[in-house]
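Trainee: Residues per chain are reported as follows:
There are 2 protein chains.
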Amino acid sequence: MSKRMSLSYSFPVFLIFVATATIACLDGLGVGKGLRFSGGSPFRIALFADLHYGENAWDDWGPKQDVKSDRVLSNVLDNETPDFVIYLGDVITANNLPIPNASMYWVQAISPTRIRGIPWATLFGNHDDAQFKWPLEWFSIAGIPEVRCPPESSFAGEKDCSFRGTTRIELMKMELLKNPLSHSQIGPTELWPAVSNYILQISSSKDPESPSVFLYFLDSGGGSYPEVISYAQIKWFQEQSQAINPNLQVPELIFWHIPSHAYKKVAPCRKSSIKSPCVGSINMEEVDSQEAEWGIMDALLNRSSVKAVFVGHNHGLDWCCPYEKLWLCFARHSGYGGYGTWPRGSRIIEMTEDPFSLNSWISMEDGTKHSYVKLSS
Amino acid sequence: MSKRMSLSYSFPVFLIFVATATIACLDGLGVGKGLRFSGGSPFRIALFADLHYGENAWDDWGPKQDVKSDRVLSNVLDNETPDFVIYLGDVITANNLPIPNASMYWVQAISPTRIRGIPWATLFGNHDDAQFKWPLEWFSIAGIPEVRCPPESSFAGEKDCSFRGTTRIELMKMELLKNPLSHSQIGPTELWPAVSNYILQISSSKDPESPSVFLYFLDSGGGSYPEVISYAQIKWFQEQSQAINPNLQVPELIFWHIPSHAYKKVAPCRKSSIKSPCVGSINMEEVDSQEAEWGIMDALLNRSSVKAVFVGHNHGLDWCCPYEKLWLCFARHSGYGGYGTWPRGSRIIEMTEDPFSLNSWISMEDGTKHSYVKLSS
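Those protein sequences? They're chains A and B, same order as listed.
Following the working numbering, the residues of the first sequence are numbered contiguously, the last one being 377.
Following the working numbering, the residues of the second sequence are numbered contiguously, the last one being 377.
Do not take every clue at face value.
Put simply, identical chains are the same to the list, so a pair is met inside one copy or across any two.
Claimed, not checked - Think about it this way: if two alpha-carbon atoms lie no more than 30 angstroms apart in a straight line, the pair counts; the simulated BS3-like pairs of lysine-lysine are:
(1) K235 with K133
(2) K173 with K133
(3) K133 with K265
(4) K307 with K264
(5) K235 with K307
(6) K178 with K271
Rather than coming from a laboratory, the hints here were simulated on the basis of the structure.
This is chain A alone, in the form it adopts within the complex:
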């Protein structure tokens, strides 16, 4: 079917009403302002990508992987002592979760950060609100094991137990409910069904009102809807960035989950080593980019203040490559859930305030560090 889209509707269409919840203090434009440089020290961020908690949740293998993921997070946090953590999507593997509320796995993923008192933000990947996918084997002679619907299964108005997934909004609401350290936001309703669209300011050490860096979070879709950054999100980005940083004086970093098509353009040849100007250590698969693109890369290139984009999604890639005036970087597969057996780690971002500099490296579970790259100076 590729019929003309019409805006005239012959029946009512419905909207999830979204409470725009925020924990960190916001300015009038909705920019979160809880983060700040402290005089003289660099500001360090750890990216945790593709943790995939809850993978194969029904057998022994899955929970064991999650314990290993806990260890990755703990080691990186203890080795790098970051000022801030970004969960870069695919925090959970919802399509493996035959439960009405997947938040227990979300909680597990943020716990190592929370218990260390480190603030964090999350954004959504394509697995976070995916519908449960019944394993084909459950229909064989092995069968579906004896199952039951306990009283506590009622959740968010769902009276019966169903496997239709926990929505992005439900997940985010649960995260925000009891976590003052979370800087995540349920983004503007006009960007629905994309949810994790928001901006955080890292304030100057000299003046908490003065921005030194802006961090933009975008929901690149997937799961319950297509893998795409919508035209509405692009417009929102353009309007917001113009309003808060009209003179392009404040450096801007961008975070989402699924690589854009531009990543394909700059990618090192498949399975070859990663050569300069790219920097990284694994190049084991093709870039799996978004389903469509409606202009986000042009919007970024139009702003000289945008220094780099950071994505996850491809577990077998961890490089940064230049793309015109900015850098396109993969994070590093951090979780034991999800495909791939490459050693786990975390991309670290470190910024200085004055003069601004942006450097990055990968910090492994075993404490080793590699792939240092200067992204802006």
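Given the structure of chain A, go ahead and fit chain B onto it with the hints provided.
Mentor: Only chain B this time, still in chain A's reference frame:
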């Protein structure tokens, strides 16, 4: 991931509790007994396959197709005056329905039969409870049109409007609620998540307790779970058929939606004409069979009483071919929703009681009939 399945669970798994609802009178084994031969007359069934009501529900094209489907149903019902109608799955295109309750389209599909006072039964296809699939175009500059969540959108305990699909059980409950002419059943809970598993008896004209034919309905999955007939369903079929027809004296017909692998074995060569012993008029695509098979065909072949299997799913196929001692038949694409532009029609099944005979043909929207085939005598 192809890890060993384990039956030891480390967290609670949940079950939708299902009320086994029935409208037509049942015997102790749950066999529906409302249908009966009338002395001397054949018993005629019309199969409506792949109606796909609600396709592109958001634009003008979709509702117009549904009106055309109404016309197909009305014409066939008026031309053939069947004693019974079977809706052979993909009654609706749930993945095109951004509404919390898809039952309004289900109601539309059964209306032409209901208003003529003809009894019917339904079974599920792979589109009936599919999750809404967001059109990629909605994320382009055209955008998602202004949408709203009206108060009446609350349904089955869902307080917010969501696009996560209407479940098989919800659809079936809604059908049964106000339709005494429906012979559908919500099948045994132990076959969950398959729902449309049940047996109807066509009773003898001489004795309403005595069976002349058994009709078996099986849910071949798809949508919210894999396209498969489970081992549990096979076991249920074996036990039920053995209990109600131990001596194989009563002829048995089988209905489900997605063709089994055996259909591939007997299929005429792609795009060639349909040659004897097969009978049919369109052979325009490959058989799109179930994802796995755990033995249903062996179970059917073990019973000499099983005369034929009827499926839908492939809109470009309408043939019957022999497979060992039974016949494998496609119905005919009946709806204007769904892919394909081949003229719409309905497979008709006609049985005589004594002696038993089973014939079939295809009855088109325009009143023409073709592809007569004797399936048993």
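Trainee: Would you mind marking each hint as holding or not holding in the structure?
Mentor: How the hints compare with the structure:
When the C-alpha separation of K235 and K133 is checked against a cutoff of 30 angstroms, the pair qualifies only between copies, where the shortest distance is 24 angstroms, while the shortest distance within a copy is 34 angstroms. Both within a single protomer and between protomers do K173 and K133 lie at most 30 angstroms apart by alpha-carbon distance, with minima of 24 angstroms and 24 angstroms respectively. Within a single copy, K133 and K265 get their C-alpha atoms only as close as 33 angstroms, which misses the 30 angstroms cut-off; across copies the closest is 29 angstroms, which meets it. Only within a single protomer do K307 and K264 lie at most 30 angstroms apart by alpha-carbon distance; the minimum there is 19 angstroms, versus 55 angstroms between protomers.
For the homomeric pair K235 and K307, the shortest alpha-carbon distance inside one copy (19 angstroms) is at most 30 angstroms, but the shortest distance between copies (62 angstroms) is not. Taking CA atoms no more than 30 angstroms apart as the test, K178 paired with K271 passes in neither setting, with 44 angstroms inside one copy and 62 angstroms between copies.
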